[in-house]
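Can you make the complete structure from the sequences, with help from the hints?
Protein chains in written order, with the numbering used here: chain R, 1 to 114; chain D, 1 to 115.
Among the hints, erroneous ones may be present.
Rough simulated footprint, nothing fancy, chain D against chain R, three-plus residues with beta-carbon under 8 Å [unchecked claim]:
no., stretch
1, 34-44
2, 87-93
3, 100-111
Cβ-Cβ distance ranges computed for the label pairs, FRET-style [stated by the list, open to error]:
no., chain 1, residue 1, chain 2, residue 2, range
4, R, Q13, D, S42, 17 to 23 Å
5, R, D71, D, N58, 34 to 40 Å
6, D, L84, R, Q13, 23 to 29 Å
7, D, Q14, R, Q13, 39 to 45 Å
8, R, G96, D, N58, 19 to 25 Å
9, R, S67, D, I46, 25 to 31 Å
10, R, L83, D, P9, 23 to 29 Å
11, R, G96, D, L84, 32 to 38 Å
12, D, K70, R, G96, 22 to 28 Å
13, D, Q57, R, T10, 41 to 47 Å
14, R, S67, D, E15, 33 to 39 Å
15, D, G62, R, P18, 40 to 46 Å
16, R, S77, D, E44, 20 to 26 Å
No wet-lab data here; the hints were simulated from the structure. Where a beta carbon is used, it is the ideal one built from N, C-alpha and C, also for glycine.
Listed below are the residues making up each chain.
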Amino acid sequence: SQTIHQWPATLVQPVGSPLSLECTVEGTSNPNLYWYRQAAGRGLQLLFYSVGIGQISSEVPQNLSASRPQDRQFILSSKKLLLSDSGFYLCAWSVGATTGYEQYFGPGTRLTVT
Amino acid sequence: AQKITQTQPGMFVQEKEAVTLDCTYDTSDQSYGLFWYKQPSSGEMIFLIYQGSYDEQNATEGRYSLNFQKARKSANLVISASQLGDSAMYFCASKGGSTLGRLYFGRGTQLTVWP
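Given below as structure tokens:
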């Protein structure tokens with residue numbers, strides 16, 4: 001069966017510090033991968049998605065970036081965090097991109113920027 | 001573009017009763033999918049149910065059913081026989097042929113089940 005891991009689970013970082021969140025998927029090959037952010041009390045906002053190694057599409061211009069160095073690894077990064085980067089970050093995967101494929105989410109990382 | 005509207009910020013239901021969570025969508029795609037996710041306080045998003053735009057039957061998964069009314073562009077989630085463990089945030093989401101697999105979420109409805 002497929003599983004998705006995210007770490008760390010929680011993170012408290014000062015403004016201006018770098019960020020690296022990691023997501024890995026097991027039990028599937030060539031998944032579509034997604035990074036979402038959820039602000040407190042809000043829905044999910046898609047940040048990045050990837051259909052293959054080295055292929056990254058950005059939805060929202062910001063000081064975050066994403067990379068996919070391996071087929072089942074997706075990394076979210078920042079060189080300098082802002083207060084507004086605080087939130088709950090969720091990684092997700094799906095088998096395909098067409099309308100019928102649901103996405104499965106990881107446990108999330110709760111980031112607090114102080 | 002896809003837009004999801006959930007007009008109920010919070011809903012309350014007594015245990016063992018049924019509850020309907022509303023969702024309306026707006027899309028220009030001919031082919032699209034509608035999804036419901038549950039988010040308990042732990043934060044994990046749990047997939048519940050899916051409805052395709054060309055599906056003639058309403059989707060059902062155990063106690064969950066999706067009341068799909070295409071002409072009204074609504075995709076309401078019905079939970080039958082509510083349980084205390086159903087208390088969570090519920091999100092409606094959509095994706096269409098033009099969105100390359102991206103899901104668009106509503107703002108969610110907080111469901112509270114009381115004994």
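### Query
How does the Cβ-Cβ distance of K70/D and G96/R compare with 22 to 28 Å: does it lie in that range?
23 Å, holds
### Query
Are at least 3 residues of the stretch 34-44 of chain R within less than 8 Å of chain D when you compare beta carbons?
holds (count 4)
### Query
Measuring from beta carbon to beta carbon, are L83/R and P9/D in 23 to 29 Å?
25 Å, holds
### Query
Does the Cβ-Cβ separation between S67/R and E15/D fall within 33 to 39 Å?
46 Å, violated
### Query
Within 17 to 23 Å or not, the Cβ separation of Q13/R and S42/D?
22 Å, holds
### Query
Between G62/D and P18/R, does the beta-carbon spacing fit 40 to 46 Å?
Given about 44 Å between the Cβ atoms, the range holds.
### Task
Go ahead and decide if the range 23 to 29 Å is satisfied by the Cβ distance of L84/D to Q13/R.
36 Å, violated
### Query
Honestly, do Q14/D and Q13/R meet the 39 to 45 Å range at C-beta?
For Q13/R against Q14/D, whose Cβ atoms are near 43 Å apart, the range 39 to 45 Å holds.
### Message
Between the beta carbons of Q57/D and T10/R, is the distance compatible with 41 to 47 Å?
### Response
Cβ of Q57/D to Cβ of T10/R: about 42 Å, so the range 41 to 47 Å holds.
### Query
Range hint 19 to 25 Å: satisfied by the CB atoms of G96/R and N58/D?
23 Å, holds
### Query
Checking C-beta pairs, does the stretch 100-111 of chain R have three or more residues closer than 8 Å to chain D?
Answer holds; 10 residues pass the 8 Å Cβ test.
### Outcome, coverage of the stretch 87-93 of chain R by chain D - at least 3 residues whose beta-carbon is closer than 8 Å to one in that chain
As far as the stretch 87-93 of chain R goes, the hint holds, because 3 residues have Cβ atoms under 8 Å from chain D.
In the structure shown, a violation is registered for the earlier hints numbered 6 and 14, in ascending order.
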